[in-house]
Amino acid sequence: MQIIKRVGASKKQIIIIRLIAIMVALVASGIFIVMLGYNPITVYSNMISGALGSKIRLRATLLEMIPLTITSLGILVAFKMKFANIGGEGQILMGAFGATYVALFMDWLPEFLVIPVMFLVGFLVGGIWAVIPAIFKARFDANETIMTLMLNYIAIQWITYLQYGPWRDPELKGFAKIANFPQYALLPRVFGIHIGLIIAPVLVVFIAWFLRRTKRGFEITVVGESLSTARYAGMDISRIIITTMLLSGGLCGITGVIQAAGVNKTLTMNVSSGYGFTAIITTYLSGLNATKVLFVSFLFGVLLQGGSYIQSALQIPQSAADVLQGMLLLCALGSEFFVQYKVRFSKKNSVSSEVK
Amino acid sequence: MNKTVYVDMKNICKTFGVIRANHDINFSVYKGEIHGLLGENGAGKSTLVNMLSGIYTPDSGSISIYNENVNIHSPKHAIELGIGMIHQHFKLIDVLTAAENIMLGQKDSFFLSTKHKIKSIENVMKKYGMEFDLNKKISDMSVSEKQNVEIMKVLYRGSKILILDEPTAVLTPQEIDKLFIVLRNLANSGCAIIIITHKLNEIMSITDRVTVLRQGETISTLETKETNIRQLTELMVGKPVSLSIDKVNAERGKLLLSVQNLTALGEHNVRVLDDVSFDLYEGEILGIAGVAGSGQKELCETIAGLYPVEKGDIYFEGENIVELSPREIIERGVSMSYIPEDRLGMGLVASMDMVDNMLLKDYVNQPGITVNRKVARDKAERVKERLDIQAPNVNTPIRKLSGGNIQKVLLGREMDASPHLLITAYPVRGLDIGASYNIYDLLQEQKQNNVGILYIGEDLDVLIELCNRIMVLCNGKVTGIADSESVTKEDLGLMMAGESLSSLQKEDEQCKL
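One line per chain: the protein sequences are A and B, in this order.
Taking my numbering, the leading residue of the first sequence gets 251, the next gets one more, and so forth.
Taking my numbering, the leading residue of the second sequence gets 10, the next gets one more, and so forth.
Pulled out of the complex, with its shape left as it was, chain B reads as follows (with noise of 0.2 Å):
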């Protein structure tokens, strides 16, 4: 291989007043190669790209890019030494086709669409293997059409570094593959390429080198065939996990919850939910799969009465809770832990501490009219004792939390009510290893508990692992309920592009045939 080295960080350290995110950090990225940066939240992967591409400047250290010393001081200068970010949240305007979001920005003239620009775009886009029409409108485009477009924007700038900040999030399977196809062109053609994950296969499938990062130093760098997932997980944690997930089985008990034809409309009367069905058992988890926004959040807050219902019916324990109230829901022993993209949008107050967070649901049904903070206190030692939740003291705000300690507060009240039904959308999003796997643990506790918990996960792998049954979501429409004994990921993902599991089961017997 070409070892040409695009770019070579040295003994980069970088503070934010106390904390030490990055700690002399080496980092070297050839020419040609699928670099990995790899690190639990708060490991400093962010911090360290986001010296790359001129956001922050490092307080010590050397930045050398093609073999020169630079210093960069801003993101435009960052563009002009070749280096591109494509953010996890893309960065387009809808109304303008693929071709003028790619020109726009360029400062060489006023007007955006010129033929010779469409045809240096066409040039570039040949010269590294990419595929998409031009002229079709960002609104029209699938998610990873817009990810080629973003893509081809920091390419058309001449960049030869890429960054890639969690690219595969918001992609099935099918579409990852894809990605890691054109990625690939990409190197091949000379590009030096960093994506950061926290997902161990996708490293193992894409990358030639990987570097590991915990608690803002670098421990290793290695190459990916190599190495393998246990001994990436164990230089990432930074000691050794258990990486598996022991289904406890519990005994499925009576209907808890029945959805029926429900339908939601959202903005513009979309139909955010289209005739959705399902039934969950006590003592069962039910995952929930879906690309992104394909009706998780509009489901859990139906259930909790949070988000109107244009037509259908939620049986919870027999009884019809469509019309009722959020706080008549939670009497009957719902309960919600919701993690939404903002950790602390819905379900804690950030700037309260974990006594205030824990009075949240219990203070109505208190006597008086004041508030009984002794309660509350007490609950908060029991939850943080119980949960071994890591915090000075409970009058702490929540704010100042690590990510898995904020989730246990909440996982923690919500348990603490002892609900029926347990609805967690996200549990583990932004989580380490360690914290995840100790959210799956308390999940199954509250199962064989005999608790019904509706589970909304990302990882397929943990889906499968975890649940007894998992519903896959598409445009809001239920595209099939799989025993997760039998199911495959690759159907999952083709479940999670539209189609639907019983024409796949077909194919099965044809191919069978």
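Excised from the complex, chain A in its bound form (with noise of 0.2 Å):
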């Protein structure tokens, strides 16, 4: 067996490989359904169905695309630089904190500018937090990596700490939750959507244009390609690293903002529920694409949506329809090395055989 390089694979091959790769772990999965009792066939109706099938389940789908679209933007714009923004969830977290303490405690703010400002403090919060590593990346080289990671852990605690300690809401005797907000501080609606439904597509837009267009967009791809060219063109890359962050951390607060005012009406642990970590993925699957990322995220919202309506309309559990989405993405990611490379089965006395 030998696996070669495939050189320059056309799209009509990539299209192809993908979809073997869909069908591949469609199967695997149907497989490990019928293994627990139940038709494959009907329970991916019933996924597909529980996603789009009403105006109920579409809006369900549709909120969980929007985290996982802003969140995917921030992430995107640190991997163009290749930093790998690993602390999405604690930059949710931050950005979500940030949004609170605005919501909950400004209450001199005159009504209208309370969610103005709840992004802006949202933004600079989540920001901060991707600047710190940003920092020690640009000073020290630190490894942003762990940095990141780490990072989502002081912000999960500090959010508990807060929520069992000074922000306990008293009137919830012996319940430890954070007041929910006021009406005033939580995201108007749209289709019965919260506004984040418009927000999300014009940041796509945004930062497709700002990647594109912008001198900063420009000097981000090349720090993200080439250190020493980017040093060599006289980038200041020190900042251009930090400033980068700032960006992508604030937009992953922005999420944190729309989760905290838009979903859950306070500050709980359930702003991120791992939209930090699942944008990593739509984020690489979509080609480090901002157009795309829109639609990868839908998807991932289908499938999202899909896995809990199996789980109350089939009995079947959660970690059943997480299964799927694990085994859909091994082979989405896995597919990229039969875009990369082809693998030739030949038989280790062949070549003299082949002469003519």
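Derived by calculation from the structure, the hints in this document are not laboratory data.
The structure displayed is predicted, hence computed values, not measured ones.
Check before you lean on any hint, since a few could be wrong.
[Said to hold, decoys possible] Simulated pairs of lysine-lysine, BS3-like, Cα-Cα distance not exceeding 27 Å:
| hint | chain 1 | residue 1 | chain 2 | residue 2 |
| --- | --- | --- | --- | --- |
| 1 | B | Lys393 | B | Lys248 |
| 2 | B | Lys187 | B | Lys155 |
| 3 | B | Lys248 | B | Lys124 |
| 4 | B | Lys100 | B | Lys208 |
| 5 | B | Lys40 | B | Lys208 |
| 6 | B | Lys128 | B | Lys145 |
| 7 | B | Lys234 | B | Lys256 |
| 8 | B | Lys187 | B | Lys146 |
| 9 | B | Lys146 | A | Lys332 |
| 10 | B | Lys409 | A | Lys262 |
| 11 | A | Lys542 | A | Lys465 |
| 12 | B | Lys486 | B | Lys498 |
| 13 | B | Lys409 | A | Lys542 |
| 14 | B | Lys383 | A | Lys542 |
| 15 | B | Lys187 | B | Lys498 |
| 16 | B | Lys393 | A | Lys465 |
| 17 | B | Lys155 | B | Lys208 |
| 18 | B | Lys124 | B | Lys146 |
| 19 | B | Lys146 | B | Lys128 |
| 20 | B | Lys393 | B | Lys409 |
| 21 | B | Lys486 | B | Lys320 |
| 22 | B | Lys409 | A | Lys261 |
| 23 | B | Lys409 | A | Lys465 |
| 24 | B | Lys100 | B | Lys187 |
| 25 | A | Lys592 | B | Lys128 |
| 26 | B | Lys515 | B | Lys486 |
| 27 | A | Lys465 | B | Lys383 |
| 28 | B | Lys85 | A | Lys592 |
Two chains, two frames, some hints: make the complex.
Printed below as a string of structure tokens:
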């Protein structure tokens, strides 16, 4: 067996490889579902109808898509610079923390200003959470993967502390929960969903434009491709890393604001619920393309919502839906290998026999 | 001559995707001969020897070693067959001795240094007439000693067929002579030696036969003594090529760059530049010669503001630029086209197209917060036209272009900025002959436009022909600045090895007396 580098796979080949990967994932998960005692066809069709089958279900799917899209954009900006931002979770939580402070404790603000200030503060606090590792990276070349990851745990513990300590709502006796946001701090609604439905696509267009058209976007790409070329061109690399991470963490922070003020109506651990990690996958699958992020996030929304639907409709444990999700990811990422390489099976001694 | 065939490759084909790396290649090597493998970049030399050393397997065709049909399926198998590859970059462990390095990876015993193994290495050395100290640590060895250890390593494994990939790139002329004596000894003791190079004079002086490859095909195999450099060049390039640099005379203008007592530190505070001083005038090409890693890279980078200066001054048009940032230096008209080991490592971004690569230095000065690709596209089209860059269009990612064309993109961009000082490091590395001469012409054109050029080169013949003066670096020190009209290649070689120009001149005078 030989593994050969594929030179310039055609678009058609790539599509075929991707489709095969999805088929493989569905078949493999199907076997698993059969072993659980269900009919895979029923399960799959239930997932689809559970995600898209009615207005309410579609709304639930979109509610998953919005945080995934915005977080992915944040991750994408960092990945474009080859900065491994694994800290989306923490940045989301810190953004939500900033927004919560504005919503609950800055009651001297005029009501119409509360939501804009929440977004601003959420962006900054989320951004700062990403700027910390960026400074260490720029000044001391510290490993950003470890630092962003560790900052997640600090953020989680910080929110837990607030929830059980100083920010605990005294009116809910005995139940540790932070108070709900006042009405004026909740996001306005459009089409039965919160305003994030508009914010997310606007941000997609903005980031696509930013990366492609602006000087800073150009710098980010160059720094990501070759540090020494960036230096050679006279770019201030430290400044670029730090400001880019402010944007990256800030976008994740906006996710936090939206989840807190649009979905949870308060600050809880559920604000992030894994979007920071899932977004890494959606970003990667989108091939670092801002426009594609929107579509990939929608597909993931379908997967997440469909998964929780079959749980209630068919009494299939949530973990079974997670298995399907994992299987799809594994195959999608694994198929990259076949886009890059092809495998040829040949017997060891076939070479001489091929001589004419 | 004994004509036992050691290697016989017949009708070898190898394709990578759509690229035909080797097509119907026939190549044979006799026992006791030194066989040169000649060809431009991308002619298929490496692919061919990689199939001999088991890294690739041919798509079709047959290989026989010692008259026996074989299918070399792995590097390990190649070693078992007695095929040894000596790479350009040594694979030795610095902290171990020569003997330990040679024994490393042999599976017969667990411990490294045993008396009888040293004895057996000494026997092999004696057999082939090799000489170096087995107990010396690699870190204390010179480049050519290290190369001998590499050769010994494959000999000790019983190799009879030696493949050397561009072995002379890292050596001074004197060391090259020594290497050739070693190789001739090996051939006389019954080895077959394949040497890959693109330096024609080396082919002429060392090989018995030479096989010329072009675009993946065997063009011809010739007896070296029946051919000449001109014929080999024509075979290699496929058309007659003029092999002389017409040195244009430009008026030497005013002082452009004055480097004084420049010192810079590298790892472990070693002085990578040690008290370097020189002047460069407008309309002059100053060549820099030296064995690889003598401080050339650091010299370029200190002038461009990319490497910290420990001590000393760099005056550019009368102004000290030592403390300035790279961007400020660029703005003053210093341009650097730097081709490090990895061609695309600095200066260009491989995944970007010509348009974006043109933007690299210009985007800053554009108005507003957005980049203007229209201007860059015009520039790319202009550079493509002017330098005759072979690319489907200006939107092709430059990593898909050939080495020569990538080089032209870089040089073209730098020249388009009409710099006052152009620093070019290894601008022809990896380029074929035609493309190289193209680059020399472009540089001379710049010189005529009153640009001062710092040319860091490898090929001493070219340095002598192209440059007005040549400065030689050895371990970061300047061993002399010679006038290219009067200096000889041998003198340059001695200076590269550390002798100073003044001591050489003294010797000359003594000889005359």
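Against the structure, the hints:
Between lysine 393 of chain B and lysine 248 of chain B, the direct Cα distance comes to roughly 24 Å. Compliance with the 27 Å bound is thereby established for this hinted pair. This hinted pair checks out: lysine 187 of chain B and lysine 155 of chain B have alpha carbons roughly 13 Å apart, not beyond 27 Å. Between lysine 248 of chain B and lysine 124 of chain B the CA atoms are separated by roughly 57 Å; this puts the pair beyond 27 Å, and the hint is violated. Of the pairs offered as hints, the one joining lysine 100 of chain B and lysine 208 of chain B holds, with about 24 Å between alpha carbons and a cut-off of 27 Å not exceeded.
At roughly 24 Å between alpha-carbon atoms, lysine 40 of chain B and lysine 208 of chain B fall within 27 Å of each other, so this suggested pair holds. For the hint pairing lysine 128 of chain B with lysine 145 of chain B, the CA-to-CA distance comes to about 16 Å; that is within 27 Å, so the pair holds. Between lysine 234 of chain B and lysine 256 of chain B, the direct Cα distance comes to roughly 31 Å. Violation of the 27 Å bound is thereby established for this hinted pair. For the given pair, lysine 187 of chain B sits about 21 Å from lysine 146 of chain B by alpha-carbon distance, which is consistent with the 27 Å threshold.
Taken as a hint, the lysine 146 of chain B and lysine 332 of chain A pair is broken in the structure, with Cα atoms around 39 Å apart against an allowance of 27 Å. Straight-line distance between C-alpha atoms of lysine 409 of chain B and lysine 262 of chain A comes to about 21 Å, which keeps the hinted pair within the 27 Å bound. Between the alpha carbons of lysine 542 of chain A and lysine 465 of chain A the distance comes to roughly 22 Å, so the proposed pair stays at or under 27 Å and holds. The hinted pair formed by lysine 486 of chain B and lysine 498 of chain B meets the criterion: a straight-line CA distance of about 19 Å does not exceed 27 Å.
Distance check on the hinted pair: lysine 409 of chain B and lysine 542 of chain A sit about 25 Å apart at the alpha-carbon level, within 27 Å; holds. For the hint linking lysine 383 of chain B to lysine 542 of chain A, the alpha-carbon distance of about 26 Å falls within 27 Å, and the restraint holds. Between lysine 187 of chain B and lysine 498 of chain B the CA atoms are separated by roughly 16 Å; this keeps the pair inside 27 Å, and the hint holds. Only pairs whose Cα atoms come within 27 Å are accepted, and lysine 393 of chain B paired with lysine 465 of chain A is accepted, the gap being roughly 24 Å.
With a C-alpha separation of about 22 Å, the suggested pairing of lysine 155 of chain B with lysine 208 of chain B holds against the 27 Å cut-off. Taking the CA atoms of lysine 124 of chain B and lysine 146 of chain B, the gap is about 17 Å. The hint holds against a cut of 27 Å. Under the criterion of a C-alpha separation no larger than 27 Å, the hint pairing lysine 146 of chain B with lysine 128 of chain B is consistent with the structure, at around 18 Å. Distance restraint check for lysine 393 of chain B and lysine 409 of chain B: the Cα-Cα separation of roughly 15 Å lies within the 27 Å cut-off, and the hinted pair is therefore satisfied.
Straight-line distance between C-alpha atoms of lysine 486 of chain B and lysine 320 of chain B comes to about 14 Å, which keeps the hinted pair within the 27 Å bound. Straight-line distance between C-alpha atoms of lysine 409 of chain B and lysine 261 of chain A comes to about 18 Å, which keeps the hinted pair within the 27 Å bound. Annotation: proposed proximity of lysine 409 of chain B to lysine 465 of chain A holds, straight-line Cα distance about 25 Å (limit 27 Å). Of the pairs offered as hints, the one joining lysine 100 of chain B and lysine 187 of chain B holds, with about 21 Å between alpha carbons and a cut-off of 27 Å not exceeded.
A hinted pair counts as satisfied when its Cα atoms are at most 27 Å apart, and lysine 592 of chain A with lysine 128 of chain B does not qualify at roughly 48 Å. A C-alpha spacing of about 20 Å is found between lysine 515 of chain B and lysine 486 of chain B, which places the hinted pair at or below 27 Å, so the restraint holds. A C-alpha spacing of about 14 Å is found between lysine 465 of chain A and lysine 383 of chain B, which places the hinted pair at or below 27 Å, so the restraint holds. Distance restraint check for lysine 85 of chain B and lysine 592 of chain A: the Cα-Cα separation of roughly 24 Å lies within the 27 Å cut-off, and the hinted pair is therefore satisfied.
When the structure is compared with the earlier hints, violations turn up for hints 3, 7, 9 and 25 and for no others.
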